[in-house]
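One line per chain: the protein sequences are A and B, in this order. Sequential numbering from 6 applies to the first sequence in this note's numbering. Sequential numbering from 18 applies to the second sequence in this note's numbering.
Treat each hint with caution, since some may be false.
[Stated by the list, open to error] Which chain A residues face chain B? A few, computed with CB under 10 Å, are given here:
id: 1; residue: Gly59
id: 2; residue: Arg170
id: 3; residue: Leu183
id: 4; residue: Ser206
id: 5; residue: Thr213
id: 6; residue: Tyr214
id: 7; residue: Ile216
id: 8; residue: Thr217
id: 9; residue: Thr287
[Unchecked claim] Beta-carbon label-pair distances, calculated as ranges:
id: 10; chain 1: A; residue 1: Ser130; chain 2: B; residue 2: Pro45; range: 14 to 22 Å
id: 11; chain 1: A; residue 1: Thr281; chain 2: B; residue 2: Asn35; range: 29 to 37 Å
id: 12; chain 1: A; residue 1: Ala114; chain 2: B; residue 2: Asn35; range: 52 to 60 Å
id: 13; chain 1: B; residue 1: Pro45; chain 2: A; residue 2: Ala114; range: 47 to 55 Å
id: 14; chain 1: A; residue 1: Ser130; chain 2: B; residue 2: Asp46; range: 29 to 37 Å
id: 15; chain 1: B; residue 1: Asn35; chain 2: A; residue 2: Ser130; range: 43 to 51 Å
id: 16; chain 1: B; residue 1: Pro34; chain 2: A; residue 2: Ala114; range: 19 to 27 Å
id: 17; chain 1: B; residue 1: Pro34; chain 2: A; residue 2: Gly160; range: 32 to 40 Å
id: 18; chain 1: A; residue 1: Thr287; chain 2: B; residue 2: Ile42; range: 30 to 38 Å
id: 19; chain 1: B; residue 1: Gly27; chain 2: A; residue 2: Ser99; range: 55 to 63 Å
id: 20; chain 1: B; residue 1: Asp43; chain 2: A; residue 2: Thr192; range: 37 to 45 Å
id: 21; chain 1: B; residue 1: Pro34; chain 2: A; residue 2: Lys194; range: 56 to 64 Å
id: 22; chain 1: A; residue 1: Ser283; chain 2: B; residue 2: Gly27; range: 23 to 31 Å
id: 23; chain 1: A; residue 1: Gly131; chain 2: B; residue 2: Asn35; range: 31 to 39 Å
No lab work stands behind these hints: they were computed from the structure. Yeah, the Cβ is synthetic: ideal placement off N, Cα and C, and Gly gets one too.
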Amino acid sequence: MSDNTLTVTEVVNSVTVTPVNNTVTVSEVGTQGPAGATGATGATGATGATGSSGVVTVNAPITNAGTSSAANLSVSTGTTSAVGVLQLTDSTSSTSTTTAAAPNAVKTAYDYARTRTFTLPVVPSGYYLRSPSSGSQGVTPTVNRTNFNLIYISGTQSFDRVAIRTGGAFNGTASIRLGIYNNDSATGKPSTVVLDAGTVSATAANTTYQITISQSLDPGFYWLVSNVQSSATNNQLLGSPAAATEPFVNTPWVSSPGNAYFSGYGENSITGAFATASSLMTPTSIPITFLRAV
Amino acid sequence: MSKLITYGIGGYDESKPNNNIVEEIDIPDEETNETI
Numbered sequence: 006m007s008d009n010t011l012t013v014t015e016v017v018n019s020v021t022v023t024p025v026n027n028t029v030t031v032s033e034v035g036t037q038g039p040a041g042a043t044g045a046t047g048a049t050g051a052t053g054a055t056g057s058s059g060v061v062t063v064n065a066p067i068t069n070a071g072t073s074s075a076a077n078l079s080v081s082t083g084t085t086s087a088v089g090v091l092q093l094t095d096s097t098s099s100t101s102t103t104t105a106a107a108p109n110a111v112k113t114a115y116d117y118a119r120t121r122t123f124t125l126p127v128v129p130s131g132y133y134l135r136s137p138s139s140g141s142q143g144v145t146p147t148v149n150r151t152n153f154n155l156i157y158i159s160g161t162q163s164f165d166r167v168a169i170r171t172g173g174a175f176n177g178t179a180s181i182r183l184g185i186y187n188n189d190s191a192t193g194k195p196s197t198v199v200l201d202a203g204t205v206s207a208t209a210a211n212t213t214y215q216i217t218i219s220q221s222l223d224p225g226f227y228w229l230v231s232n233v234q235s236s237a238t239n240n241q242l243l244g245s246p247a248a249a250t251e252p253f254v255n256t257p258w259v260s261s262p263g264n265a266y267f268s269g270y271g272e273n274s275i276t277g278a279f280a281t282a283s284s285l286m287t288p289t290s291i292p293i294t295f296l297r298a299v
Numbered sequence: 018m019s020k021l022i023t024y025g026i027g028g029y030d031e032s033k034p035n036n037n038i039v040e041e042i043d044i045p046d047e048e049t050n051e052t053i
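Please construct the entire structure, taking both the sequences and the accompanying hints into account.
Here's what the structure looks like:
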């Protein structure tokens, strides 16, 4: 010891006590000791918040009549105004609005409907279709008048000729335009052009003049048309006689009972190509236009 | 006996041979109730 100083010296750590400054200086920190043992379990936490209701929420048509502890689900009965479950039925006479037809009921109705369907035969290949009338005779059509003959196509069918025939008194040369029109189902009258086949140049009596066409028609009513666009000396063509009622159900209708008839429609002052029908009149007799089936 | 005269598609056409008549045949008269 000297100068009132105590010095402790170890190999690794040293402690120096200096009486002069009343301080103890640890010149170096010792190595950290091992981790202590795990502490004791903490205290129980506070009670949590109350949970939501146990009632099952459902949407229509499902309903729940149960409680929060026991669900009781069902499906509502359907009606014409609400979605829901329906009972199937085989009935074909029920007027219920809360049951539904089973496939068996649909088949029963379908089979019955098939036995009641009104059908006409298609035109045999190579045969000509024409507007029906109670007879035929020579008629002299007005020049530049389009004459409309009503026909009915019972099934989709293709046609390859449209034709007209001159009468025994025909002489001279006539240009006759032939074609097909659609029927307006709302009015029962000719409407738009299906086909303007062009013209034939008729020069002989008792002769059929026809134009080659390629025309498919779907089922329905159509109008076959002819129009003498340049006159022969005698324009006589094969036609429907006056007062020859066309035997299509519902085609002749009259404002009052009487000796009325319906041979077809006409439209005057038509020159050149056919266009949508507009100012129709009812001629007393009209030439017959023919259509040949493929 | 009567005639059947057939035009090609489009009907009478002066620019085509024979005015576009493609067939001209005689056909026998049928027994009908037509009055001509």
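Run the structure past the numbered hints and jot down the numbers of the failing ones, going up.
1, 9, 14, 15, 16, 21 and 23
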